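J.: For the record, the sequence lines run as chains G and U. According to the working numbering, the first sequence is numbered sequentially starting from 5. According to the working numbering, the second sequence is numbered sequentially starting from 349.
For the record, the hints were derived by calculation from the structure and aren't laboratory data. All figures in this text were calculated on a predicted structure; none of them were measured in a lab. All C-beta atoms in this analysis are idealised placements derived from N, C-alpha and C, irrespective of residue type, glycine included. Be a bit skeptical, because a hint or two may be false.
[Claimed, not checked] When the alpha-carbon atoms are kept at most 25 Å apart in a straight line, the in silico BS3-like pairs for lysine-lysine are as follows:
#1 G:Lys-57 with G:Lys-28
#2 G:Lys-17 with U:Lys-557
#3 G:Lys-189 with G:Lys-206
#4 U:Lys-485 with G:Lys-134
#5 G:Lys-72 with U:Lys-557
[To be verified] Here are some chain G residues the structure puts well away from chain U; computed CB gaps all over 10 Å:
#6 Asp-24
#7 Val-87
#8 Leu-106
#9 Ala-202
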Amino acid sequence: MVEFKNVSMSYEKGHEILKDISFKLEPGSMHFLTGPSGSGKTSLLKLIYLAQKPSCGKILMFGRDVAKAEREDLPALRRRIGVVFQDFRLLDHMSAVHNVALPLRIAGASLAEVSEHVEELLSWVGLGDKMNSNPTALSGGEKQRVAIARAVIRRPDILVADEPTGNVDPKMAERLMYLFVELNKLGTTIVIATHDDALVAKVGAPRLHLIGGKLLQLKGKKGDISMFIENEEISR
Amino acid sequence: MSQSFDFLPTINNREATKLLPWVMAIMVYLSSLAATGSLLLNAGFEDWSSSLQGRITVQVTGDDSELIVVQSLEIQETLRDTPGIKSVQILSNDEISLLLEPWLGAGNITEDLPLPIMMDVMINEGAYINLGALESKIRQISDSVYLDDHAQWLSRFYDLASMVEYMSVGILLMILLVSVCIVIFATKSSMSEHKKTLEIMHLMGAQDKMVARTYQKRFMYYGLKGGVIGLVFSFLTVYGLLNLLQNLSEGFVEMPTLPYLKMYILLLIPALFSLLTMLAARITVLRALGRMV
Chain G
5 MVEFKNVSMS
15 YEKGHEILKD
25 ISFKLEPGSM
35 HFLTGPSGSG
45 KTSLLKLIYL
55 AQKPSCGKIL
65 MFGRDVAKAE
75 REDLPALRRR
85 IGVVFQDFRL
95 LDHMSAVHNV
105 ALPLRIAGAS
115 LAEVSEHVEE
125 LLSWVGLGDK
135 MNSNPTALSG
145 GEKQRVAIAR
155 AVIRRPDILV
165 ADEPTGNVDP
175 KMAERLMYLF
185 VELNKLGTTI
195 VIATHDDALV
205 AKVGAPRLHL
215 IGGKLLQLKG
225 KKGDISMFIE
235 NEEISR
Chain U
349 MSQSFDFLPT
359 INNREATKLL
369 PWVMAIMVYL
379 SSLAATGSLL
389 LNAGFEDWSS
399 SLQGRITVQV
409 TGDDSELIVV
419 QSLEIQETLR
429 DTPGIKSVQI
439 LSNDEISLLL
449 EPWLGAGNIT
459 EDLPLPIMMD
469 VMINEGAYIN
479 LGALESKIRQ
489 ISDSVYLDDH
499 AQWLSRFYDL
509 ASMVEYMSVG
519 ILLMILLVSV
529 CIVIFATKSS
539 MSEHKKTLEI
549 MHLMGAQDKM
559 VARTYQKRFM
569 YYGLKGGVIG
579 LVFSFLTVYG
589 LLNLLQNLSE
599 GFVEMPTLPY
609 LKMYILLLIP
619 ALFSLLTMLA
629 ARITVLRALG
639 RMV
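Just chain G, with the same shape it has in the complex (with noise of 0.2 Å):
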């Protein structure tokens, strides 16, 4: 689904972010991002959900090489991503309805076509009484439910999600993984960046580690961080 050889990330002519990063995400498998701030977790991101391009190395997704596609060819691939952003990034002169419907309505839907399914998710999220609320009139947690109801309203084959816990209490946190592992279980890759160890251990999945721009990575197995690799280990 997604795979990342040997891929390098720099901004205009800053220093590298990312060096030479080089993984493999099977379909449907489930992944947390970590490593402390500074580390190149967005920046990583940002590359999955194509808004930034490599400086070297070659993005494999949808069986394609991402980083060498024609610049219109990429809508149709985002289209197949959703994103959760660390800030939400919800459009604040539209209601809760009309944000989660964007990625639909994009695609070409009316909002009547769709205002019925939109509304089904949102309830699902917990939403169903401020579906005409805008996002200034919403808490930091309705904010981010509605970002991720955004996100996942065309079922993507891939899903990445940005700190999607960083703005809730405990409990809505663990609401929202659940959230995530149920939609891990339809089918949707996901790649959670987080820093929240407490969950990454409770939901067990592997841990991509990033360090000063560099991978390592955690082997799955629930609550164990000992199991780190270097990433030239990887690539072997």
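Take the given structure of chain G and dock chain U to it, following the hints.
T.: Okay, now just chain U, sitting in the frame of chain G:
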């Protein structure tokens, strides 16, 4: 995938482009005035020149008023016998006085003021008159006869008319250019204001053309709205000005009539501005989005 929808906030007091329809209204107003002025002058030139074309003015001067009368009658006969000449009419003293009135004032032309004898010669349509030969012929009757086919004056007149028209077109083009620059600036300003929205749309897979369509629709509306307002105000201004000029110039210079049939061209100005606004917005958005990954 081609369906578009308006994902931008509705226009409110904080919108950067809120004033754009009014800017467009002023631009269309100025353009319409320039175009109306050009049409009006053009109509005036046509009226005045058509009244002079196909005519020759013959002037017979001399100190002996009785002699010039006899010579004039002879010249009239000679002209009447010339092929291609439709009519020859000697102007009466009253008619000549009337022509001089705007310069000398009514009642200031006395009996002792030596007036030339003037003839208004009409030429058949399409007929060719060799003026040099004709002048030589009638100069055998009088040395003090002058023929004027107004060619020199008309040529200057046409030069002036062309210059005024070129100036109008130039003014119109400058206004259009400034308008396009304003639209580009407004589009960039709006894109900057809605940067977050555009980024989200981009990352969710919106095609550039879809985003551009939303902008072009909105800017076309601004252009059309401003255009209609500007056109209405320009019509009111022209109507008022014409009435004022008509009153001021009464009896002195004949005012050209507004070429109503050609005025439909003015209706194209808001459409032109609307189209230009739409295209400028579309190209600006596509170029800006093209710089994104």
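J.: So, for every hint listed, does it hold in this structure?
T.: Okay, the hints, checked on the actual structure:
1. G:Lys-57 with G:Lys-28: 18 Å, holds
2. G:Lys-17 with U:Lys-557: 30 Å, violated
3. G:Lys-189 with G:Lys-206: 16 Å, holds
4. U:Lys-485 with G:Lys-134: Roughly 103 Å between the alpha carbons, so the hint for Lys-485 of chain U and Lys-134 of chain G is violated.
5. G:Lys-72 with U:Lys-557: Given that 25 Å is the threshold and the Cα spacing comes to 22 Å, the pair holds.
6. Asp-24: 21 Å, holds
7. Val-87: At roughly 6 Å from the nearest Cβ of chain U, Val-87 of chain G sits no farther out than 10 Å, so the non-interface label is violated.
8. Leu-106: The claim is violated: Leu-106 of chain G sits with its nearest Cβ about 6 Å from chain U, within 10 Å.
9. Ala-202: Answer for Ala-202 of chain G: holds, closest chain U Cβ roughly 30 Å.
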